[in-house]
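Participant: Under the UniProt record's numbering, the first residue of the sequence shown carries the number 1, and numbering increases by one thereafter.
The set of hints was computed from the structure by calculation and includes no laboratory data. Each residue gets a CB set at the ideal place from its N, CA and C atoms; glycine is no exception. Be a bit skeptical, because a hint or two may be false.
Unchecked claim - Pair ranges (Cβ atoms, derived):
#1 A358 with E306: 36 to 46 angstroms
#2 D145 with V265: 21 to 31 angstroms
#3 G148 with R348: 19 to 29 angstroms
#4 R48 with T216: 51 to 61 angstroms
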Amino acid sequence: MDENERERPGELWRWDAVDLAEAIRERVVSSTEAVTACLDRLDVVNPRLNAVVSDLRGEALEAAAEADASVARGEPLGPLHGVPVTTKVTEDQAGHPTTWGVVAFRDNVAAQDGPAVANLRAAGAVVVGRTNSPAFGYSWWTDNDLHGRTDNPWSRAHTPGGSSGGASAGTAAGISPIALGSDMIGSIRYPAYCTGVVGLRPSFGRVPSFRSTARTEPPMASQLMAVPGPLTRTVRDARLALGVLARRDPRDPWWVPAPLTGPPVHGPTRVAVSVDPAGVGVHPTVRAAVLRAAEALEAAGYAVEEQDPPDFAAVAAALGEITRHETPHFSGEDYERYGDDRLRRTYRRVRSAGAQPALVPYMEALAGRITWIRAWTLFLDRWPVLLCPTAFDPPFPQDVDSLPAEAYPRMFQSMMPSYAVPLLGLPALAVPTGVADGLPTGVQLVAGRFREDLVLDAGEVVEAACGVLTPIDPR
Numbered sequence: 001m002d003e004n005e006r007e008r009p010g011e012l013w014r015w016d017a018v019d020l021a022e023a024i025r026e027r028v029v030s031s032t033e034a035v036t037a038c039l040d041r042l043d044v045v046n047p048r049l050n051a052v053v054s055d056l057r058g059e060a061l062e063a064a065a066e067a068d069a070s071v072a073r074g075e076p077l078g079p080l081h082g083v084p085v086t087t088k089v090t091e092d093q094a095g096h097p098t099t100w101g102v103v104a105f106r107d108n109v110a111a112q113d114g115p116a117v118a119n120l121r122a123a124g125a126v127v128v129g130r131t132n133s134p135a136f137g138y139s140w141w142t143d144n145d146l147h148g149r150t151d152n153p154w155s156r157a158h159t160p161g162g163s164s165g166g167a168s169a170g171t172a173a174g175i176s177p178i179a180l181g182s183d184m185i186g187s188i189r190y191p192a193y194c195t196g197v198v199g200l201r202p203s204f205g206r207v208p209s210f211r212s213t214a215r216t217e218p219p220m221a222s223q224l225m226a227v228p229g230p231l232t233r234t235v236r237d238a239r240l241a242l243g244v245l246a247r248r249d250p251r252d253p254w255w256v257p258a259p260l261t262g263p264p265v266h267g268p269t270r271v272a273v274s275v276d277p278a279g280v281g282v283h284p285t286v287r288a289a290v291l292r293a294a295e296a297l298e299a300a301g302y303a304v305e306e307q308d309p310p311d312f313a314a315v316a317a318a319l320g321e322i323t324r325h326e327t328p329h330f331s332g333e334d335y336e337r338y339g340d341d342r343l344r345r346t347y348r349r350v351r352s353a354g355a356q357p358a359l360v361p362y363m364e365a366l367a368g369r370i371t372w373i374r375a376w377t378l379f380l381d382r383w384p385v386l387l388c389p390t391a392f393d394p395p396f397p398q399d400v401d402s403l404p405a406e407a408y409p410r411m412f413q414s415m416m417p418s419y420a421v422p423l424l425g426l427p428a429l430a431v432p433t434g435v436a437d438g439l440p441t442g443v444q445l446v447a448g449r450f451r452e453d454l455v456l457d458a459g460e461v462v463e464a465a466c467g468v469l470t471p472i473d474p475r
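Produce the entire structure from the sequences given, and follow the hints as far as they go.
Facilitator: Shown next, in the form of structure tokens:
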């Protein structure tokens with residue numbers, strides 16, 4: 001059966017963005033029907049999840065009606081014309097507060113769309129709601145005093161991840177096929193892993209970013225490592241969303257006009273498989289997920305080899321060193337003044353775990369970043385795709401931050417796969433591999449800078465072998 005002729009699920013909220021966009025263009029369904037279906041689904045599941053914390057149905061239905069009028073007039077249509085999406089409360093959207101999950105920012109209304117939101121709307125997408133984040137986006141769980149807690153649709157006892165936890169939970173439960181998230185230290189990839197969806201962290205410089213609501217420019221680590229990106233239920237939707245989000249915006253001088261597809265790899269694409277790249281131990285379900293993905297890639301013709309990337313633990317530590325020195329100066333006062341109790345507790349524990357910030361170690365860590373980039377560039381020239389865990393343990397319990405301080409070292413070890421990629425500016429894709437003990441499992445695929453095409457190609461192979469896990473009804 002041809003890709004475009006395969007059977008589609010009945011309810012429109014179950015359709016992926018590729019199918020919806022095509023059906024709207026061909027007048028098989030209307031944008032109003034698609035948006036209404038997603039809003040009806042939101043009414044059913046969101047009271048249980050609290051994934052969407054700002055319901056935009058009024059303006060969404062108006063935008064959908066205008067999208068349908070554009071179709072009727074025969075006007076040129078964007079690649080996401082009429083397709084429902086969600087945006088995150090950490091991203092600027094004109095007329096709505098960029099709250100960061102902080103009570104003091106509840107009236108921090110944006111006068112203009114940020115680049116990622118603007119690019120989604122320029123492509124014809126209809127924003128149906130804004131999704132939750134932990135306070136200041138500073139956690140691997142999603143709870144705050146302003147918007148409350150977001151639950152994982154697979155298990156209320158486990159985190160939906162953070163900081164894009166609302167985006168991941170809403171996508172997994174069928175509220176929209178595409179959610180806009182952001183990732184500095186795993187904030188797209190880890191939530192995708194926790195909820196069984198696809199999460200794409202683009203290369204640094206691929207997707208433009210800017211917040212007019214910010215009082216100051218972000219610290220260097222954020223400028224070099226924090227990126228917007230999509231959470232979706234299918235890999236092909238992630239590919240579609242990337243093409244939309246990557247459009248130039250002059251407000252971001254770091255943006256690079258790199259092609260979405262790089263030069264072909266000669267011969268079978270070599271994949272480095274690294275089950276425990278940091279040597280800290282992995283949970284058996286994580287090991288099984290990596291090996292299952294490796295088998296799928298090998299069966300599809302990839303040349304799969306066991307090979308660890310260079311100095312994985314040292315790269316992860318370098319990112320921690322940089323952020324540990326920057327955060328107290330740029331954000332610490334705000335965390336203490338405006339943050340909620342969960343944020344302050346986590347921040348204080350992180351600060352107490354290391355030496356006091358100092359200029360020389362910070363400068364040395366930032367200067368040493370190029371050493372790791374060079375080493376990994378050489379590595380990825382030889383093995384264009386790296387397959388490794390997204391995290392070394394299954395999703396954390398919902399209240400893991402309330403555990404004794406002794407639990408924190410393992411928590412940070414478990415999240416090492418989230419650290420290395422941002423420091424290096426590389427693209428990475430979190431893709432599901434199945435279910436174990438009632439929770440989704442998944443892996444991370446990494447490639448060289450601006451080679452999202454390689455991780456998306458490999459991700460489609462893993463997805464074809466392991467299946468699409470969502471949307472699901474909350475449990």
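Participant: Now look at each hint and say whether the structure bears it out.
Facilitator: Status of the hints after comparison with the structure:
1. Between A358 and E306 the C-beta distance comes to about 39 angstroms, which sits within the given range of 36 to 46 angstroms.
2. D145 and V265 have their C-beta atoms about 49 angstroms apart, which leaves the hinted 21 to 31 angstroms range violated.
3. G148 and R348 have their C-beta atoms about 23 angstroms apart, which keeps the hinted 19 to 29 angstroms range intact.
4. Range check, R48 to T216: Cβ separation about 38 angstroms, and the 51 to 61 angstroms hint is violated.
When each numbered hint is compared with the structure, violations occur for hints 2 and 4.
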